[in-house]
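2 protein chains.
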Amino acid sequence: MKQSSLFGSTLRDVPADAEAASHRLMLRAGFIRQLAAGIYTYLPLGWRVLRKIEHIVREEMDRAGAQELLMPAMQPAELWKESGRYNVYGPELIRLKDRHDREFALGPTHEEVITTLVRNEINSYRRLPVTLYQIQTKFRDERRPRFGLLRGREFLMKDAYSFDTSWEGLHDSYQSMYEAYTRIFDRCGMTFRAVEADAGAIGGEGGTHEFMALAEIGEDTIVSCTHCDYAANLEKATSVIRRSEAVDSSGTSVGEIPMAKIHTPDTRSIQQVAAFLGVQPHEIIKTLVYVADEQPVAVLVRGDHEVNEIKLKNALGAESLELADADTTMRATGAPVGFAGPVGMKIPIYVDQAVTEMAEGVTGANEADYHLRHVVPGRDFELAHAGDFRNAVEGDGCPRCEEGKLQYHRGIEVGHVFKLGTKYSETLGAKYLDPNGREQPMIMGCYGIGVSRILSAITEQSHDDRGIIWPAAIAPYQVHVIPVSVKDEAQTTLAQELYDRLTAQGLEVLIDDRDERAGVKFNDADLFGIPYRIVVGKLAAGGEVELVERRSLEKQVISADEAMTCIADGLRNLI
Amino acid sequence: MKQSSLFGSTLRDVPADAEAASHRLMLRAGFIRQLAAGIYTYLPLGWRVLRKIEHIVREEMDRAGAQELLMPAMQPAELWKESGRYNVYGPELIRLKDRHDREFALGPTHEEVITTLVRNEINSYRRLPVTLYQIQTKFRDERRPRFGLLRGREFLMKDAYSFDTSWEGLHDSYQSMYEAYTRIFDRCGMTFRAVEADAGAIGGEGGTHEFMALAEIGEDTIVSCTHCDYAANLEKATSVIRRSEAVDSSGTSVGEIPMAKIHTPDTRSIQQVAAFLGVQPHEIIKTLVYVADEQPVAVLVRGDHEVNEIKLKNALGAESLELADADTTMRATGAPVGFAGPVGMKIPIYVDQAVTEMAEGVTGANEADYHLRHVVPGRDFELAHAGDFRNAVEGDGCPRCEEGKLQYHRGIEVGHVFKLGTKYSETLGAKYLDPNGREQPMIMGCYGIGVSRILSAITEQSHDDRGIIWPAAIAPYQVHVIPVSVKDEAQTTLAQELYDRLTAQGLEVLIDDRDERAGVKFNDADLFGIPYRIVVGKLAAGGEVELVERRSLEKQVISADEAMTCIADGLRNLI
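Residue numbers (our numbering), protein chains in the order written: chain E, 1 to 575; chain G, 1 to 575.
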């Protein structure tokens with residue numbers, strides 16, 4: 001491809017609201033352009049990368065035995081009403097009416113469509129299992145589209161759905177997708193972790209994993225072990241807490257000292273209480289009042305810990321969960337917010353495991369401006385509902401191995417595998433006849449990859465001050481040939497010869513045939529991030545070129561033939 | 001691919017409203033399924049065909065130097081308001097609001113988006129010309145979706161747009177797309193004609209061609225010459241009419257007989273007048289009153305001819321044109337509908353060329369229940385506005401060659417190339433600086449292919465009573481291997497061996513490994529329409545098979561090796 005003909009400009013400046021590096025770089029390099037908030041055009045360079053990712057996804061899906069189809073974007077609203085998601089999905093679901101006033105949704109996902117499709121096509125166990133996938137434009141009206149392709153409103157997704165006759169079958173289908181995902185992200189050259197995620201009310205044990213591209217900009221927190229391969233997202237991650245020291249700071253054996261009520265005027269927050277009493281936050285027991293399905297409950301966590309509402313909601317089996325307002329707290333505890341405590345509490349108390357390991361602690365006294373000291377869990381309040389209700393924190397013990405400690409990373413969710421079970425097959429009637437002629441619901445799994453998001457995730461992981469650094473497998477071109485001066489015949493001749501030879505090898509080559517200054521050309525090349533660059537300059541007459549590897553920016557002056565050999569070696573997997 | 005795992009069922013019955021053969025066959029063969037009116041899912045077999053068509057389109061677009069990108073489906077309504085099409089487009093444009101109540105349209109086409117994109121990327125003649133294309137799902141809320149994929153509401157389209165600095169440049173870009181289209185439809189194995197079409201107010205001479213797949217179900221009429229390569233759609237086709245006989249049926253020389261008013265009670269239609277007076281429809285001059293931009297005009301055509309409203313509208317330069325209602329006709333002619341005539345008419349009269357060639361004719365008398373005989377064009381009414389205002393009819397003389405006569409075909413529009421000129425670049429401000437530093441509007445062309453419609457068009461052209469007959473280049477698989485009995489080891493072994501050998505040659509093979517009766521298998525195979533079928537039956541033990549060519553259904557019993565050779569010969573272009 002001649003760069004003089006390539007559509008798309010490089011930009012010096014990008015909008016101030018482009019916060020993420022990937023967003024800025026893809027705008028600057030002319031890979032994408034915004035049409036509306038969260039809605040982008042892929043220019044030829046960006047589209048080439050996307051097509052390569054798509055190709056890898058397709059190859060690995062096919063290899064895993066999944067069959068490709070294409071479902072419509074426009075979905076009748078009745079389907080969503082049948083599954084019960086039409087209202088639940090909220091304003092993220094884009095709704096429209098056709099000319100006959102019939103309601104439609106623009107598909108953010110296709111469980112409804114695929115389940116009714118399979119319901120109509122398959123009625124016997126003989127035709128199962130089957131895994132189906134599509135690569136398609138999806139629509140989701142995000143409240144706050146941001147970071148370019150990372151959180152868009154119209155995006156490219158691969159979604160797959162498996163249908164089995166048993167949970168063991170589902171496990172195999174799931175495993176097969178899990179492995180395909182691992183190959184896909186590996187082949188794309190991504191640094192990622194597959195992490196356990198919360199499956200909510202369905203999915204069962206090991207029922208869902210998220211594939212996270214590690215990147216600072218990521219909106220998700222991944223918790224992983226320094227020693228073993230344990231990894232989970234923050235909603236799901238558990239940890240181990242050792243029993244705290246059995247001696248308090250004054251040297252007295254704790255647990256034997258009786259509770260004491262102390263006047264603590266205007267000390268509501270953990271920080272205020274700690275400062276006032278001269279204790280550490282981890283010596284305080286924090287009491288929070290929630291309303292779960294309209295019933296108040298209290299949850300206790302250590303003062304330095306955060307409640308994990310997903311864990312709490314799962315433990316309660318609640319549909320809804322939210323922090324109680326001031327009135328509800330007052331009614332439930334007899335005290336204003338900031339002075340609640342478990343002693344004498346009338347509502348159910350859910351005690352985080354780390355609190356059960358405390359020898360004693362400070363709590364609210366359920367009375368304005370008073371706290372209790374020397375409160376002993378199990379002695380002064382019941383531990384009937386103990387469990388893991390908090391976010392794991394860095395430094396906690398790994399729940400899987402004895403030795404490791406937990407650490408945090410930031411991640412971008414690029415894939416998700418999920419055991420749906422019979423949620424949709426029950427609701428939408430996707431049944432099959434088993435060998436005994438009995439009707440059974442199909443056991444489903446669903447599997448998504450954010451195809452366009454990968455573009456951004458890789459850019460986040462792989463760039464420097466000067467531009468993007470594409471992994472060879474998904475680079476828009478593999479080699480960038482740059483004659484420094486297109487007015488110099490030796491340079492243009494050698495550059496063209498290299499272009500022809502590389503192209504003949506099956507490589508994709510961009511040649512910068514523009515009549516521009518060398519600095520402009522080199523800047524654009526750095527921005528584009530093509531893995532190998534051959535600069536054909538003054539040494540062209542002697543058959544020598546400068547070979548630059550984009551990642552390291554290492555340069556070597558070598559003969560044109562040697563450059564060909566180096567590139568062939570470097571790209572052996574692609575030729 | 002093992003047929004036992006293939007997703008999608010063959011159907012015996014299809015809905016009664018599936019009128020078109022392609023619609024019925026693709027439903028029956030399990031290629032597509034309807035989700036809502038005009039909205040379809042492509043099952044794996046249908047999707048494979050579609051992907052092959054897509055691949056051919058992409059290859060030929062790239063070969064023609066067009067660059068691929070992808071624009072969003074969701075387009076801000078402001079863009080459509082800026083171009084002036086938001087209201088004009090009517091209910092076919094699907095409209096929606098996002099969560100912030102901003103208006104969007106779902107793209108039925110992308111002139112607005114591409115023009116503003118190019119406006120922002122290109123500002124100098126140095127960066128032109130450029131042709132950009134995408135293959136994308138389009139949305140059009142058809143009033144009456146029908147014929148399966150032939151007229152859908154969500155469909156796959158290739159749309160391309162060219163940007164030039166001159167009309168000569170546009171001509172080259174246009175020609176390049178025209179040739180690419182010819183290669184695409186040839187490669188897809190389609191029978192088609194490129195026909196001249198009406199370019200309306202813009203486009204200029206030779207400004208637009210439609211690519212028509214010939215098929216009876218087609219909604220368009222193509223007019224072509226029996227002798228030369230003239231072809232146009234009915235809106236555009238012109239023809240040559242010889243002067244009528246200069247002697248009337250009574251033997252008197254016509255043109256010298258004066259007009260005569262005749263009482264013709266209740267004879268309003270051409271048929272009634274012809275019957276009452278004992279003349280032929282082509283001896284009658286039909287007078288129709290239209291309202292063009294709110295002004296009444298009359299148009300005269302021969303009694304056996306139809307007014308071509310597009311030609312009339314173009315000649316009038318009118319924005320709107322519709323038949324006058326009874327009141328307007330009464331006011332304009334002084335007579336009720338059915339008795340209008342040119343003699344003494346006060347409103348402008350547009351006379352079709354075929355009428356100017358009549359020696360004399362019968363017309364209305366502008367008086368209820370009266371007609372005039374022996375009316376001579378040019379003598380009894382003016383021919384100031386004469387022209388081609390009628391549809392060409394079969395048997396008319398060809399406007400291009402001396403010898404041919406015109407004939408009709410039915411066609412399905414599968415492609416369209418159009419010289420847009422500066423319509424969008426002027427409205428949306430897509431200007432560039434010419435070598436003199438002066439701002440000029442870009443000269444545009446647009447080029448569409450109905451990718452999913454091709455699937456149906458080919459099925460219409462290529463099927464028989466038993467099913468679809470796919471051209472090899474786009475068949476879902478090229479070879480269908482059918483062991484008659486999967487319980488017979490000799491058969492399954494030989495079938496598997498053939499499957500492996502054919503696959504190793506790079507062919508796509510479907511093997512019917514189902515435990516079904518031979519009749520079921522053969523019926524399904526006929527329905528699928530895979531070009532070559534190898535039936536592995538009782539002769540398998542002796543290494544012999546039956547090779548069936550789907551198109552002819554010719555069978556030959558030959559050795560497995562000979563079958564391999566026959567197939568390799570037949571599919572030489574694909575291997």
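If you're looking for bench data, these hints aren't it; they were derived computationally from the structure. Take the hints with a grain of salt, since some may be wrong.
Note that the list lumps identical chains together, so a pair holds whenever it fits in one copy or between two copies.
Straight line, CA to CA, 20 angstroms or less: simulated EDC-like cross-link-like pairs of lysine to aspartate or glutamate [as the list claims (entries may be wrong)]:
no., residue 1, residue 2
1, Lys-555, Glu-544
2, Lys-2, Glu-497
3, Lys-2, Glu-121
4, Lys-81, Glu-544
Non-conforming hints, listed in increasing numerical order: 4
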